[in-house]
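Colleague: Here is how the chains run, residue by residue.
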Amino acid sequence: MNKKKFILFPLLALFLSSCLFDTDDDGLSNWLSDQGMPSSYDVQTVTVPDLKPVSAKVFENLRPKSIYSSGIFGATSGMSHDVVFDFVIDTTVYTSFWTGLKKADSAKSFLQLRLVDSYYLFKPAPSGILPVEDDIELNVSWILSDKLTGQEINDLASINDSAWQYGLTSWKEKKSADTTASISIKAVTSSKTVSLADTLLELNLPSALVNDIRKKTCSRRLQLRLSAPEAPHVYRFYGPDVFSPRLVVQNSETGDFLRFNTVRAAVIPKNLEKCKDCLVLHGGSLDSLEVEFPSKPIMKALSEFYGDEFPYNVGDSNDVRQAVVMAELTFYRDDTKGESEIDLPIMVRNGSYVDSAESVVFRAENYIPDRLRINEHGHPNMVFYEGDSLALQVTAGMRNFINKASDGRSFRMLMRLERSVLLPSDSSYSVLVRQDTTFKDEDKKEVKSIRTDTIPVFFPYTNYARYDFSTIKNKPATLKLWLASKRGENTDKKKIVKIDTAKSVKTEGKKVTTSTARGGK
Amino acid sequence: MKKFISALLCVSSFSFASMIGLDAIGQEQIAGGSAAMAGRGFAGNAKTGDTEGISTVNPARQAFDTKVSLNLNFLLDVSTADRSNSHFTKTDISMPSMNLTFPMGDFGTFGVSLWQHYSASMRETLEDEKEQWNAEIEYQSSIYELVPTYAIRLPFLRMVSLGASAHFVMGSFTRSLTLGADNSGIAKEDAWATSDVDLSDYVHGDWDIKHHPAYYSFAVQYRGRMASYFFSFTTPYTLSNTLDYNFRFSELDTLAPTRKTREIRIPAMLATGVNYRINKRHNVMADVAWRAWNRDIDNVAGSWNMTQMTKTQNDFNISVGYQRDGSDVFYDSYWDRMTYRAGAWYKNWYVEDVSEIGGAVGAGFPLGRRGTTLDLSIQGGVRLTDDDHNWSESFIGIRLGLVGVGSWGKARGQ
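Residue numbers (my numbering), protein chains in the order written: chain X, 1 to 521; chain P, 1001 to 1414.
Some clues are possibly wrong.
The calculated lysine to any residue pairs, modelled on SDA-like cross-linking and capped at a C-alpha distance of 25 angstroms, are [unchecked claim]:
#: 1; chain 1: P; residue 1: 1090; chain 2: X; residue 2: 29
#: 2; chain 1: X; residue 1: 270; chain 2: X; residue 2: 166
#: 3; chain 1: X; residue 1: 300; chain 2: P; residue 2: 1258
#: 4; chain 1: X; residue 1: 57; chain 2: X; residue 2: 470
#: 5; chain 1: X; residue 1: 57; chain 2: X; residue 2: 407
#: 6; chain 1: X; residue 1: 404; chain 2: P; residue 2: 1140
#: 7; chain 1: P; residue 1: 1090; chain 2: P; residue 2: 1192
#: 8; chain 1: X; residue 1: 174; chain 2: X; residue 2: 304
#: 9; chain 1: X; residue 1: 486; chain 2: P; residue 2: 1200
#: 10; chain 1: P; residue 1: 1130; chain 2: P; residue 2: 1192
#: 11; chain 1: X; residue 1: 473; chain 2: X; residue 2: 410
#: 12; chain 1: X; residue 1: 486; chain 2: P; residue 2: 1140
#: 13; chain 1: P; residue 1: 1090; chain 2: P; residue 2: 1187
#: 14; chain 1: X; residue 1: 216; chain 2: X; residue 2: 145
#: 15; chain 1: X; residue 1: 65; chain 2: X; residue 2: 177
#: 16; chain 1: P; residue 1: 1090; chain 2: X; residue 2: 26
#: 17; chain 1: X; residue 1: 486; chain 2: P; residue 2: 1286
#: 18; chain 1: P; residue 1: 1311; chain 2: X; residue 2: 488
#: 19; chain 1: X; residue 1: 486; chain 2: P; residue 2: 1187
#: 20; chain 1: X; residue 1: 486; chain 2: P; residue 2: 1248
#: 21; chain 1: X; residue 1: 486; chain 2: P; residue 2: 1298
#: 22; chain 1: X; residue 1: 174; chain 2: X; residue 2: 156
#: 23; chain 1: X; residue 1: 486; chain 2: P; residue 2: 1263
#: 24; chain 1: P; residue 1: 1188; chain 2: X; residue 2: 304
Anything over 10 angstroms on all C-beta distances counts as not near chain X; from chain P, calculated [what the hints assert, rightly or not]:
#: 25; residue: 1066
#: 26; residue: 1104
#: 27; residue: 1126
#: 28; residue: 1174
#: 29; residue: 1208
#: 30; residue: 1214
#: 31; residue: 1229
#: 32; residue: 1236
#: 33; residue: 1257
#: 34; residue: 1263
#: 35; residue: 1290
#: 36; residue: 1296
#: 37; residue: 1311
#: 38; residue: 1327
#: 39; residue: 1355
#: 40; residue: 1371
It is worth saying that the hints were derived from the structure and are not from the lab. Even glycine gets a Cβ: it sits at the ideal position worked out from N, Cα and C.
All chains, please: the whole structure from these sequences, using the hints.
Modeller: Right, here's the structure in full:
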């Protein structure tokens, strides 16, 4: 017998023995049970009705925003949007033009903006975007610098956009003038295609501006602001990254002109709401509404359900006896006080303040679609849609809140208007519906996408809207918790605990009965 | 070399196979878990030799070593837990110890050992849609000891040596029980919220000794012409295990954990043993180690109906063994140069009503001329329990030990 065989035999014996050491189907399950461990966690639900917020306030977002690929100006849904362009008027080139312009009896200037045709011609959008036929009053203000050196002109390009935006919050124009403009945006249909009649929007600027420019023959910086707070619409144009807005200066006598691309541009939003106490959120401007709920009713409901003390005050007081697997907060909703630029449902996204690394941070909730409910009633977290409730998932926030409730905190959440939904009954919650998918269109008719279709679920453009959430202050909300507990059978309360099922909440026109809370196994 | 070290670390992250005491401190690896010791039933702590090396029970023994030796041990273990016609099997690979001894002539012998003294290891998955089972259980606990040892033969009584070792304790504990949802208790229309949500009952912490950097062993060894004896005493100590209890939805989605520290009083250990040389190379040996536990152990527990306490009993280990040493003459036949071992042991675990009966056979295969050896042992046995919590087990295992020998500090031919 050689050495190899000598080693091989024990290994073979071990292998054969391993085969004899078998596992039966429920061996591990029985072992877990004997160790006091479950094979899965029991899901239990608790409903906390009549939750009244202790506070609710709106945080506006009125900071100027840079325009890169597209921008807007005008007014809609309680907001006006001014636009500011930053130009460099370099007169060191084309000197004969500037000389002629200075001597000319009349000159004019206008802005050229390329309209976002993909928005205005967006096929799946509901009708109503076009045509636009507006006569608007336009206030034009500007800051024209003194003479700049060549180096100073070069330096303008390196100004940080955010620094420029910050400076716009305290805009101090040197001059301004009012004018009017006629805006006409309409589609023309040829044999096969639909296009805009004119994608170039030209806005005549006051003569005071061009006179100011041609007064001195030197290189200067021009910051130009357009304001149209009374306009019935916002007008969408491509930004410097796609098609740069241009300032055109023209000699009226000769017809000669020069065009200047904007170096940068920004939108300055302004809140035109008159009701200061209303909880109005604006879509497209990242306003957010913070709602704060008291701890006591939630702790009381949990205490009644588990029969344990809540909040947890043992040791370091971090409560890990149970965890929130899902939490949904349902508010009463009244769409009549809102308005939106485009008649589409708008999703409300929300988040909560949670602890992270010794500090409190805002965490957006990860929305889990309830596919059956969505197929039947649409997403529950939408406004401007049928029904009278708004159900927002607050899982991460409620999980953190119950975990740390011993420090006496209240539950705070934030919500904001987000994307508009083209297919509100599509439960895939993805960007595109797959081919050959049946979905409901905006008229609630079932439509089957054809093989080559890619149907966007969400409207890919901002839908400027306002929504008044003031009812949140008066109408109580209902919290529903899906819980997993580490409690064993011996410590669980065996009795059935009924929190309150009498007051159910209407959702999407259908009465959804809050499930009876259950304790123990 | 890097690959070798990586492989060692990988193997050492696994552990022994028993499912008893997982929630307490786990399974104890007797006598450093060396393959040579296992081959003779964990007896022979009193046996001296050129390359016997470190004994975690008897630090005085190494004083009689004459050659530098490095010893690496590996264990492949298969255990089947069994109760009432229900059983399941698990397999583990571990590296119980690494030892280095460095004899310095009249200045004694220095040694160092990395010993996985206690460990709990398990990773099993259970899935049955029909029965609503969806669980994954994982235990990874290792109580490592870094054990520097020193032993010296008495200058005026050369057959007697004294030895001492310090056991620096380190390691970590992890228990993760990942469960799927059982929605049978809620309304059907509510099941959407949790049907795909797994969560883990997660406990993690570190091992330490309370108030002291280490615990200590002291031993005296007598080596006679035919018989050798030792006696050792290991100090009691308190293991401190600080644990964070949590509920996890993912690694990044957790609750703020609640922290608890459990303290485990490990009692003093008394150990003695004898080795008797029957003939030129035949040895019989017997060892006894004993500890009187007077306190129960707080389990990790903390969830569902897991047992809060592991009741203890006096634990002892009685082992007997036989070893025929291999010839150190290189020109003898290979069979004659091999070492043969056999032994058996009876161990009363620290867990109440748990005892273990095992037997082993082993052999040492010389590799080359310089004394490098590959030790192989095959062990098997049963662990018997008599409570509602632990299941009886059958086990079989194979241990491999690699002993590298050098003669540092000596001129060639010395």
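Colleague: Run every hint past the structure and note whether it holds.
Modeller: Cross-check of the supplied hints:
1. Taking the CA atoms of residue 1090 of chain P and residue 29 of chain X, the gap is about 14 angstroms. The hint holds against a cut of 25 angstroms.
2. A C-alpha spacing of about 15 angstroms is found between residue 270 of chain X and residue 166 of chain X, which places the hinted pair at or below 25 angstroms, so the restraint holds.
3. Proposed proximity of residue 300 of chain X and residue 1258 of chain P is supported: the alpha carbons are some 22 angstroms apart, at most 25 angstroms.
4. Between residue 57 of chain X and residue 470 of chain X the CA atoms are separated by roughly 10 angstroms; this keeps the pair inside 25 angstroms, and the hint holds.
5. Proposed proximity of residue 57 of chain X and residue 407 of chain X is supported: the alpha carbons are some 23 angstroms apart, at most 25 angstroms.
6. A C-alpha spacing of about 29 angstroms is found between residue 404 of chain X and residue 1140 of chain P, which places the hinted pair above 25 angstroms, so the restraint is violated.
7. Only pairs whose Cα atoms come within 25 angstroms are accepted, and residue 1090 of chain P paired with residue 1192 of chain P is rejected, the gap being roughly 35 angstroms.
8. Our distance criterion of 25 angstroms between C-alpha atoms is broken by residue 174 of chain X and residue 304 of chain X, whose separation comes to about 67 angstroms.
9. Between residue 486 of chain X and residue 1200 of chain P the CA atoms are separated by roughly 10 angstroms; this keeps the pair inside 25 angstroms, and the hint holds.
10. A C-alpha spacing of about 18 angstroms is found between residue 1130 of chain P and residue 1192 of chain P, which places the hinted pair at or below 25 angstroms, so the restraint holds.
11. Between residue 473 of chain X and residue 410 of chain X the alpha-carbon distance is near 16 angstroms, which keeps this suggested pair within the 25 angstroms criterion.
12. Among the hinted pairs, residue 486 of chain X with residue 1140 of chain P is consistent with the structure: their alpha-carbon atoms are about 21 angstroms apart, no more than 25 angstroms.
13. Taking the CA atoms of residue 1090 of chain P and residue 1187 of chain P, the gap is about 38 angstroms. The hint is violated against a cut of 25 angstroms.
14. A distance of roughly 11 angstroms separates the Cα atoms of residue 216 of chain X and residue 145 of chain X; the hinted pair therefore holds under the 25 angstroms criterion.
15. Distance check on the hinted pair: residue 65 of chain X and residue 177 of chain X sit about 24 angstroms apart at the alpha-carbon level, within 25 angstroms; holds.
16. Restraint check for residue 1090 of chain P and residue 26 of chain X: satisfied, since their Cα atoms lie roughly 14 angstroms apart, inside the 25 angstroms limit.
17. Our distance criterion of 25 angstroms between C-alpha atoms is broken by residue 486 of chain X and residue 1286 of chain P, whose separation comes to about 48 angstroms.
18. Only pairs whose Cα atoms come within 25 angstroms are accepted, and residue 1311 of chain P paired with residue 488 of chain X is accepted, the gap being roughly 21 angstroms.
19. Under the criterion of a C-alpha separation no larger than 25 angstroms, the hint pairing residue 486 of chain X with residue 1187 of chain P is consistent with the structure, at around 21 angstroms.
20. For the hint linking residue 486 of chain X to residue 1248 of chain P, the alpha-carbon distance of about 12 angstroms falls within 25 angstroms, and the restraint holds.
21. At roughly 18 angstroms between alpha-carbon atoms, residue 486 of chain X and residue 1298 of chain P fall within 25 angstroms of each other, so this suggested pair holds.
22. Distance check on the hinted pair: residue 174 of chain X and residue 156 of chain X sit about 19 angstroms apart at the alpha-carbon level, within 25 angstroms; holds.
23. Note on residue 486 of chain X and residue 1263 of chain P: the hinted pairing holds, with a Cα-Cα distance of about 23 angstroms set against a maximum of 25 angstroms.
24. Between residue 1188 of chain P and residue 304 of chain X the alpha-carbon distance is near 24 angstroms, which keeps this suggested pair within the 25 angstroms criterion.
25. Distance check on residue 1066 of chain P: its Cβ is at least 28 angstroms (rounded) from any Cβ of chain X, clearing the 10 angstroms threshold; non-interface status holds.
26. In this structure residue 1104 of chain P is separated from chain X by more than 10 angstroms, as the shortest Cβ-Cβ distance comes to about 35 angstroms.
27. With a minimum CB-CB distance of about 5 angstroms to chain X, residue 1126 of chain P fails to clear the 10 angstroms threshold, and the non-interface call is violated.
28. Every Cβ of chain X is farther than 10 angstroms from the Cβ of residue 1174 of chain P; the closest lies at roughly 15 angstroms, confirming the non-interface assignment.
29. For residue 1208 of chain P, the non-interface assignment is confirmed: its Cβ lies about 19 angstroms from the closest Cβ of chain X, beyond the 10 angstroms cut-off.
30. Taking the minimum C-beta to C-beta distance to chain X, about 29 angstroms, the non-interface status of residue 1214 of chain P holds against the 10 angstroms cut.
31. No beta-carbon of chain X comes within 10 angstroms of the beta-carbon of residue 1229 of chain P; the shortest separation is about 33 angstroms.
32. Chain X leaves residue 1236 of chain P outside its interface by the beta-carbon criterion, the shortest separation being 28 angstroms against a cut-off of 10 angstroms.
33. For residue 1257 of chain P, the condition that its CB be more than 10 angstroms from all CB atoms of chain X is violated, with the nearest at approximately 6 angstroms.
34. With a closest Cβ-Cβ approach of about 15 angstroms to chain X, residue 1263 of chain P is found to remain outside the 10 angstroms limit, as its non-interface label requires.
35. Every Cβ of chain X is farther than 10 angstroms from the Cβ of residue 1290 of chain P; the closest lies at roughly 29 angstroms, confirming the non-interface assignment.
36. The beta carbon of residue 1296 of chain P sits about 17 angstroms from the closest Cβ of chain X, which is more than 10 angstroms, so the claim that it is off the interface holds.
37. Every CB of chain X lies more than 10 angstroms from the CB of residue 1311 of chain P, the least distance being 15 angstroms, so the non-interface label holds.
38. Separation of residue 1327 of chain P from chain X is adequate, the least Cβ-Cβ distance of about 16 angstroms exceeding the 10 angstroms criterion.
39. With a minimum CB-CB distance of about 19 angstroms to chain X, residue 1355 of chain P clears the 10 angstroms threshold, and the non-interface call stands.
40. At roughly 18 angstroms, the least C-beta separation between residue 1371 of chain P and chain X is larger than 10 angstroms, which holds for a residue marked as non-interface.
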